[in-house]
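Protein chains in written order, with my numbering: chain A, 1 to 44; chain B, 45 to 294; chain C, 295 to 386.
Everything labelled a hint here was simulated from the structure, so no lab data went into it.
Virtual Cβ for every residue (Gly too), placed ideally from N, Cα, C.
Errors might be hidden in some of the hints.
Looking from chain B toward chain A, a few residues come up when the C-beta cut is under 10 Å (computed) [claimed, not checked]:
#, residue
1, Asp91
2, Ser99
3, Leu113
4, Leu173
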Amino acid sequence: MSYKCSRCKRDVTLDEYGGVRCPYCGHRVLLKERGGDVKEVDVN
Amino acid sequence: MSDADFDVQYIERDDRSARVLIRGLTPAFANGIRRAMIADVPTFSIDTVRFVENSSVMFDEMIGLRLGLVPLTTPLDEFEVGDEVTLALDVEGPATAYSGDIETSEPMVEPADDNVPIIELKEGQRIELEADAVLDTGKEHAKHQGGVSVGYRHLQHVTVDGDRGEFDEDETNVLRGVIETEDGDIVPTAAFDHDLSEKYPGKELTVEDVPGAFVFHIETDGSLSVEELLLRAIDTIEERADELHTKVSV
Amino acid sequence: MELRVIEKTEEELRLEIAGEDHTFMNVLKGALLETDDVAAATYDVNPEQSGGQTDPILTVKTESGDPLDAVGTATEAINEKTTALADAVKAA
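Same shape as in the complex, but just chain A (with noise of 0.2 Å):
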C-alpha cells in the first residue's frame, strides 16, 4: 500500500505499529495513490 504525504508529498509506506503519519515531517493526513494495475472498463 503506497501512500504520499499531503504536506511534504513524499512517498510514504505505512506499518502496523507507526500509526498514520508521515515519518519524515511527522504530517498526519495522507493521500492513497492509485494502484499500478492495469483497470479495464466497460464503456456503456
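Dock chains B and C against chain A, hints included.
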C-alpha cells in the same frame, strides 16, 4: 408491388450529408429505410478500455464514455458485427488529448475526426490506455449509430392557380423542405428563405404532397459516407426479407 | 430472426417473429397488403395482456391459399424493391 420503379436524385451532396429525393416509395418502406439508417447499420465504437495510467481529473469511466462517442471510420466490406479493433492513447500534460492522438492497429479503422477533445491535461497529468472498438448497431447502443439526423419529408408540388386580388395583402407562406414547381424544377425552400410569397409574389398557390416522393436528409457522423449508409440500410431490410423467405419456404 | 407459429389454419396465420421491430414489420405488412389474395395483414409488437411480450406477432388472413405462401410472395416483393432501389441509388 411489382412496379419497382424508383427514381433517385441527389439535391445536395456532400461526403457526410446529403439531401436525396426518392420517388416510388411507400411510406412504410421510406420509414423502414430511415429507421434502418439510424439503428441497423453498424459502426465501430470503443467498447472496452484498459487504463494503464490516468492521473487526469476525470474518472476512468468518464473518459471511457467520451472515447466511446468518438466516431471511427468503418469499412463494412472488411468487417462483420462483433469484430474488434485495438486502439491506444498516450498523452502527457500540459496538453489536450484529442481524438487525433488515438493510435490504431488497423489503419482502416481510425477516428473520423481528429479534433474531438477528450480531456485537457495539466502539468504532470497523463493518460495512457488501450481500447477495443467493436462493430455493432445503433440498436445495441447509440454510440454505434452511423446516421445522425436522418429524416424525410414529402416532396411538395406547388401549383400557381392565378393572381391574388390586387388589394389583397401578400401573406407569408412558410414551407420547409423541397418543392417541385410546375416546370418540374426541384427547389430547396432555403433558396427563397422558406417563404413561397418570395418566390411567387402576388400569386394564388396550391401546395400538395407528391405521392410516393420522399426527400431524405441524411447526415452521418463520418463513420460511413452517405451513400454507404443508405445502401447498407436498404441491404439490412433485404437481408431480413431473404431470411424470412428462406424460413417460411421450408 | 426466430419464428414461432402461434396459430395456423387454411387461411389464417399468426406468427411470432422474434428480434424484429417496426423497421421490418411495417415494411412486411405493407408488402403483404399489396400481395394478391391477402385479405388482411397486420402486426402487433405488444399484444394486449401479453405480460411483457415485445416480439412482434404477424397476423395474415388470405382470401384463398396458404398464408405462409403469401408471406413468401411478400418477402420476394420486398427483395425486388430493395434490389431495384439499391440499383437506383448507385446509379444516381
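Status of the hints after comparison with the structure:
Interface restraint check: Asp91/B against chain A, minimum CB-CB distance 5 Å, threshold 10 Å, status holds. This hint holds: Ser99/B has a C-beta 7 Å from the nearest C-beta of chain A, less than the 10 Å allowed. Against a cut-off of 10 Å between C-beta atoms, the interface hint on Leu113/B holds, since the closest Cβ of chain A lies about 9 Å away. A least Cβ separation of about 9 Å between Leu173/B and chain A falls short of the 10 Å threshold, and the interface hint therefore holds.
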